[in-house]
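S.K.: Residues per chain are reported as follows:
There are 2 protein chains.
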Amino acid sequence: MAILLYNGDFGTDAWSEALQQQLPDETIYCYPQVPNREDVEFAAVWNLPQGELATYPNLRAILLLGAGGDFLMRETRLPNVPIVRLVDDAVIGDMTQYCLYWVAHYYRNFHEYARQQLEGVWKRIEYPPIDEYRVGILGLGNIGTEIGRALSCTGYQVSAWVQSHREVDQVKLYKGVEEFAPFMAQLDVLINVLPLTSNTHGFLNSERLGLLGTHAKVINISRGAVIDERALKSLLDAGKLGGAVLDVFASEPLPSDHWAWAHPLVQVTPHSSGQTYPRSAVNSLVDNILRIRAGEEPYPLFDPTRGY
Amino acid sequence: MAILLYNGDFGTDAWSEALQQQLPDETIYCYPQVPNREDVEFAAVWNLPQGELATYPNLRAILLLGAGGDFLMRETRLPNVPIVRLVDDAVIGDMTQYCLYWVAHYYRNFHEYARQQLEGVWKRIEYPPIDEYRVGILGLGNIGTEIGRALSCTGYQVSAWVQSHREVDQVKLYKGVEEFAPFMAQLDVLINVLPLTSNTHGFLNSERLGLLGTHAKVINISRGAVIDERALKSLLDAGKLGGAVLDVFASEPLPSDHWAWAHPLVQVTPHSSGQTYPRSAVNSLVDNILRIRAGEEPYPLFDPTRGY
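The listed protein sequences correspond, in order, to chains A and B. Read in order, the letters of the first sequence correspond to residues -2 to 305 in the numbering used here. Read in order, the letters of the second sequence correspond to residues -2 to 305 in the numbering used here.
Derived by calculation from the structure, the hints in this document are not laboratory data. Incorrect hints may have been included.
Any copy will do: because identical chains look the same in the list, a pair fits if it lies in one copy or spans two.
Quick list of in silico lysine to aspartate or glutamate cross-link-like pairs, EDC-like style, CA-CA up to 16 Å [said to hold, decoys possible]:
hint : residue 1 : residue 2
1    : 230       : 254
2    : 237       : 204
3    : 172       : 249
4    : 120       : 6
5    : 237       : 226
6    : 230       : 204
7    : 120       : 176
8    : 169       : 143
9    : 230       : 116
10   : 172       : 300
11   : 120       : 249
12   : 169       : 67
13   : 237       : 109
14   : 169       : 35
15   : 237       : 67
16   : 230       : 300
17   : 169       : 129
Just chain A, same shape as in the assembly (with noise of 0.2 Å):
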């Protein structure tokens, strides 16, 4: 029986290295080189090509190989095996840093600071008091919660919108559709962790993104479909909205005539808020295959109805 890795455009070489030391008799074969589709136990994958998972008759399960499973809702025809997320709490800290950092940049006024250094301008630039500092996360799974916590110990306001009933320290939460404009309104800084499914995809348009005061920031480290990339354009060249940080965008990789590389309001990463290093990830994997031959659960479960 053999693992068929394949990780998109990033490539398997570590993967497979780090795979191989953990199973040292484990068959692995790296997508596309399949010698023997009826050898593959288990797809180590993420963003395989659409159609491909149903080719695998002694397929067990699928394990995702990146935090979010969105390229699955493509597939009209999945195999009825488990799909197992991949958790890694190194991949959780990072995108944590990733926004405590962000958050930082505008709070201080670095942006300003960075501009002030070309002009040769020493001035101080006046802050908040830091818990008077609004933060708002949209997407309070086990991500969003990680980083209300951390800003909220670093000292900010911190706020999200859910639409169920949640509990979460520290964090004040907003609730439901009539809950939304208020939510906005107040922040100085709005995370998108919102994950993307057919519910949220585009559901940061024109109308919603209108409601946050022209100061305020958006920083997306989700998918980049969930916003509008032509409504956040519109809104930042009107003056509407202060500034965004994209990590992720509808098309990747960011297509070279893409607005948002030359706007002065935004700053490009390349989906890199929370890189998934096969050093730290591979655990999970390997603990789900052993379960699996155990004749245990696999966990986390990813559901593909819900996009998470």
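Given the structure of chain A, go ahead and fit chain B onto it with the hints provided.
M.R.: Okay, now just chain B, sitting in the frame of chain A:
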């Protein structure tokens, strides 16, 4: 009786207002408006011109308005009254945030991503596990200790160089002259928090800075004169250092013709790592005024012979 206020170029309006709110019956003189020198009971000051402090016959205490008291070192004759340091947790928190921001900036390659954005390049940059990224602290006083604690909680491998015996959780200590070179050699980032004294003036000279690896970065948040700025420039220009974040300079405001403004490896901020805000700092001032009037010792005392 009166309180004399002076805060260098930063102005005293906010201090005066905050102080008057807590002590409404108090007379406040904002230097250089001093109707009667004999009225001055407390000098709440920073960067007061040399010689000025000795001209108030009824002075009971000098209350520092900033974290450093190095401006007192140029005085040849200080009045024989207690000098009280300003301790403001908000300032220490801000300095800590400043360091976390810039260490993340280097660790997570945000300087490279900014360059990639200018060039339209979409490419992830690798980084090591956070516990292999080594940050060192020079100056393990109350500020340096807090910065070390926060870096260590974030996950970095933190070390510090000390001259006398200390114990700090999660911070590896290098001790004494013989361990200075190995301390410097292992670092990815050096944070200087040494106070400026006659012993530390020019301490980070060419020889000592040259002990750092060629990829290493320097963050200076204490006082500019602790670093030999020409030596730093030479090392950067020669490719023997990776970069520097300089919040403080030997001469401030930074002269418009200073090399640091335009150096591609240097980030300049205007002595803003920990801005002292009267909104939080006034409490320490009022506490000590009331203590002294009640016949109690003010706290904590500043020792001009040590420089902190």
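S.K.: Against this structure, judge whether each hint is valid.
M.R.: Checked hints:
1. Taking CA atoms no more than 16 Å apart as the test, residue 230 paired with residue 254 passes inside one copy only; the shortest distance there is 14 Å, against 38 Å between copies.
2. When the C-alpha separation of residue 237 and residue 204 is checked against a cutoff of 16 Å, the pair qualifies only within one copy, where the shortest distance is 12 Å, while the shortest distance between copies is 52 Å.
3. Taking the shortest Cα distances, residue 172 and residue 249 never come within 16 Å of each other, neither inside one copy (33 Å) nor across copies (50 Å).
4. In this homomeric assembly, residue 120 and residue 6 come within 16 Å of each other (Cα to Cα) only across copies, at 11 Å, whereas the closest approach inside a single copy is 44 Å.
5. In the homo-oligomer, the alpha carbons of residue 237 and residue 226 lie at most 16 Å apart inside one protomer (14 Å), although the nearest pairing across protomers, at 43 Å, exceeds that limit.
6. In this homomeric assembly, residue 230 and residue 204 come within 16 Å of each other (Cα to Cα) only inside a single copy, at 13 Å, whereas the closest approach across copies is 50 Å.
7. Proximity of residue 120 to residue 176 under the C-alpha cut-off of 16 Å is found in neither arrangement, the shortest distances being 39 Å within a copy and 39 Å between copies.
8. Taking CA atoms no more than 16 Å apart as the test, residue 169 paired with residue 143 passes inside one copy only; the shortest distance there is 14 Å, against 28 Å between copies.
9. In this assembly of identical chains, residue 230 and residue 116 lie within 16 Å of each other by CA distance neither inside one copy nor across copies; the values are 27 Å within and 20 Å between.
10. In the homo-oligomer, the alpha carbons of residue 172 and residue 300 never lie at most 16 Å apart, since the shortest distance is 24 Å inside one protomer and 54 Å across protomers.
11. Taking identical chains as interchangeable, the C-alpha atoms of residue 120 and residue 249 lie at most 16 Å apart only when they sit on different chains, with a minimum of 11 Å there against 39 Å within one chain.
12. For a Cα distance limit of 16 Å, the shortest separation of residue 169 from residue 67 qualifies neither inside one copy, at 29 Å, nor across copies, at 43 Å.
13. With identical chains, the CA atoms of residue 237 and residue 109 are never at most 16 Å apart, being 18 Å at best within one copy and 29 Å at best between copies.
14. In this assembly of identical chains, the alpha carbons of residue 169 and residue 35 never lie at most 16 Å apart, being 52 Å within a copy and 53 Å across copies at closest.
15. In this assembly of identical chains, the alpha carbons of residue 237 and residue 67 never lie at most 16 Å apart, being 31 Å within a copy and 45 Å across copies at closest.
16. Taking the shortest Cα distances, residue 230 and residue 300 never come within 16 Å of each other, neither inside one copy (33 Å) nor across copies (56 Å).
17. With identical chains, the CA atoms of residue 169 and residue 129 are at most 16 Å apart within one copy only, with a shortest distance of 13 Å there and 36 Å across copies.
Of the hints listed earlier, those the structure fails to meet are numbers 3, 7, 9, 10, 12, 13, 14, 15 and 16, in rising order.
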